[in-house]
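Taken in sequence, the protein lines are chains A and B. Letter 205 of the first sequence, counting from 1, is numbered 208 in this note's numbering, and no numbers are missing. Letter 319 of the second sequence, counting from 1, is numbered 432 in this note's numbering, and no numbers are missing.
None of these hints come from the bench; they were simulated from the model. Please note that the accuracy of each hint is not assured.
To be verified - With a cut-off of at most 27 Å between alpha-carbon atoms, the simulated BS3-like pairs for lysine-lysine come out as follows: (1) B:Lys-433 / A:Lys-91; (2) A:Lys-131 / B:Lys-301; (3) B:Lys-115 / B:Lys-433; (4) B:Lys-433 / A:Lys-85.
Please read these numbers as outputs of a predicted model, since none were measured by experiment.
Given next are the chains, with one letter for each unit.
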Amino acid sequence: MADNGFLDNVISVKDITKTYQMGEVEVQALDGVSFDIQKGEVISIMGPSGSGKSTLMNILGCLDIPTTGEYTLDGENVSKLKDDQLAKIRNRKVGFVFQSFNLLPRASALANVELPLRYGGVNGDRSKRSRQALEAVGLGDRINHRPSELSGGQQQRVALARAMVNEPSILMADEPTGNLDTKSGKEIMELILEMNRTHGTTVIIVTHDPSIAAQTQRVIRLRDGLLETSV
Amino acid sequence: MKIGQQFIEALESLASNKLRSSLTMLGIVIGVAAVISMLAIGAGAQASISGSINSIGTNLIFIFPNTTNITHPQPLTMSDAAALADPAQAPSIESVAPVIQGRGLAAFGDQSTNTSLVAVTPVYASVRSLKTMDGEFISDNNMTGRSPVAVLGSQTAQNLFGRTNQVVGETIRINGQPFRVIGVLESKGGSSFGSQDDQILVPLTTGQSRLMPKTNRDQVDQIMVQASSPDAVAQAGDEATAILQARHRTVAGLEDFRILKQQDILNTAQSILGVFTIFLGGIGAISLLVGGIGIMNIMLVSVTERTREIGLRKALGARKRDILSQFLIESALLSLIGGAVGILLAWGIASLIGRIAAASNTPINPVIGLNSVLLATLFSAAVGLFFGIYPANRAARLEPVEALRSE
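Next up, chain A with everything else stripped away, as it sits in the complex:
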């Protein structure tokens, strides 16, 4: 039972803390958080600002490592890895979607989507895979457009294609609809959920918006660096 449960967990967090040094003061952003996320789950992380949810997201996305505690991603303990090893994990296992899209302004949609493949050393079918990822988000006819020539919703779809092009284990979305109008936001949410259904990608959405959280299977609530509820 226990073994089986471990294999099904794509994310296993055990008693994680994170302490920041802000000048003289030590700030305890996470104060011992534990939870598991199963493969293929769609969950949301909620909490007021200062609750530690950004810190949690950074750790889950391997952008940062916990001060203490253990974080296992896809069967690999990543809580003690060095910078370059973390970069490799991010490249292979994590896809990011940011509130402000974060596309390279000078590069075409295709070049933006190719970026993770380039850093991952994929050469042969890079262009083909990127094209397919753009087609999957409905932008097959816009591959040579630059971000400035695309609407906000389209830009976020490029970002989603970029996050998915390396077929990651988890998709981390930080307020993915925060900069979008209601209609575009809805479309993005539908696309994210579709990625979950077709690829079985585990989705973690950090959000303030209860209507977004309502579309996920489970909500992790944080307050003052502690888990409030985990439904």
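Fit chain B to the supplied structure of chain A, relying on the hints for placement.
Coordinates of chain B only, in the frame set by chain A:
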């Protein structure tokens, strides 16, 4: 990420801010152009001066009388010259050419010119590597006969006759006395040591008796000695010193003659020019340094501006070395392109200065050697890398979390 891809990205990034990139490059362009053109002009000046010193002759030693601070100086004489020419006493000396020098007025018809008169022996032609382009040089018969004959420099012939050919056999007047022209010398071009093309050569004996009589009939103004080989020049100088010391009964340090080796003149000129070249090149190098600091400045601005982009790239899997090489390639490209433009500019400056020098009658052929091009290219790339390392390192060490948070 592949290097080729990174070059393309770096070029795109530089092209996206053309004004800034080109102003940054300008610093390197000016620096590289300054270094290369200064080195080229220095090399050209050295070649030109070495050329004119070598055109005096080869393996030469000049002996002059020395009258400063000497109580009873004896003049150099024909007997001194004869002693120096003795192979038993001076085995390293190939030939000896005593010379009397003066100035005089030469006239042909209504043309006249004030020129340098040199009374020489036949061996003078080989000692000074002079060739006649028409007619003969002074012969032994001319010497014994004290013949009133003259060999003209090409410029002198031009001045008197308006031509350099078909003047042999004409009679000119030097200081009022008639002389028959027996030869015209080939032009040797301008020289820093007075033009060798504007002079009249007469037999030494004729000079002694008619044109430039001395109180002591045997006296000469200068003795030129040619050593048997370049390696023998120092030895020949020592032999000449010893012979003259003995003949003049003087001791070392108080000689009434001075010995000057052609190689010494060449060495002095070259070391002066070498210092000059280093000085000019140094000024160029300083501007290259300033250009490098300009690159560093702009790259630091660029890193700050693109912090968020760096954070994103790291989130997508860029390792430290990917970011490092991205910024290093950008700064290296800035300086390499700047260096290439600088080389072209240096070529333009060098040929312009060559033309100006030629127009003002001091021919300098600026030489842009492959060496200096290679040096400047390597140097500018090194400047780009060196001044790029700090900003690139700063970019590479950014924490992805911090970088993504920046506005």
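Cross-check of the supplied hints:
no., hint, verdict
1, B:Lys-433 / A:Lys-91, "11 Å, holds"
2, A:Lys-131 / B:Lys-301, "73 Å, violated"
3, B:Lys-115 / B:Lys-433, "15 Å, holds"
4, B:Lys-433 / A:Lys-85, "11 Å, holds"
The earlier numbered hint that this structure contradicts is number 2, and it is the only one.
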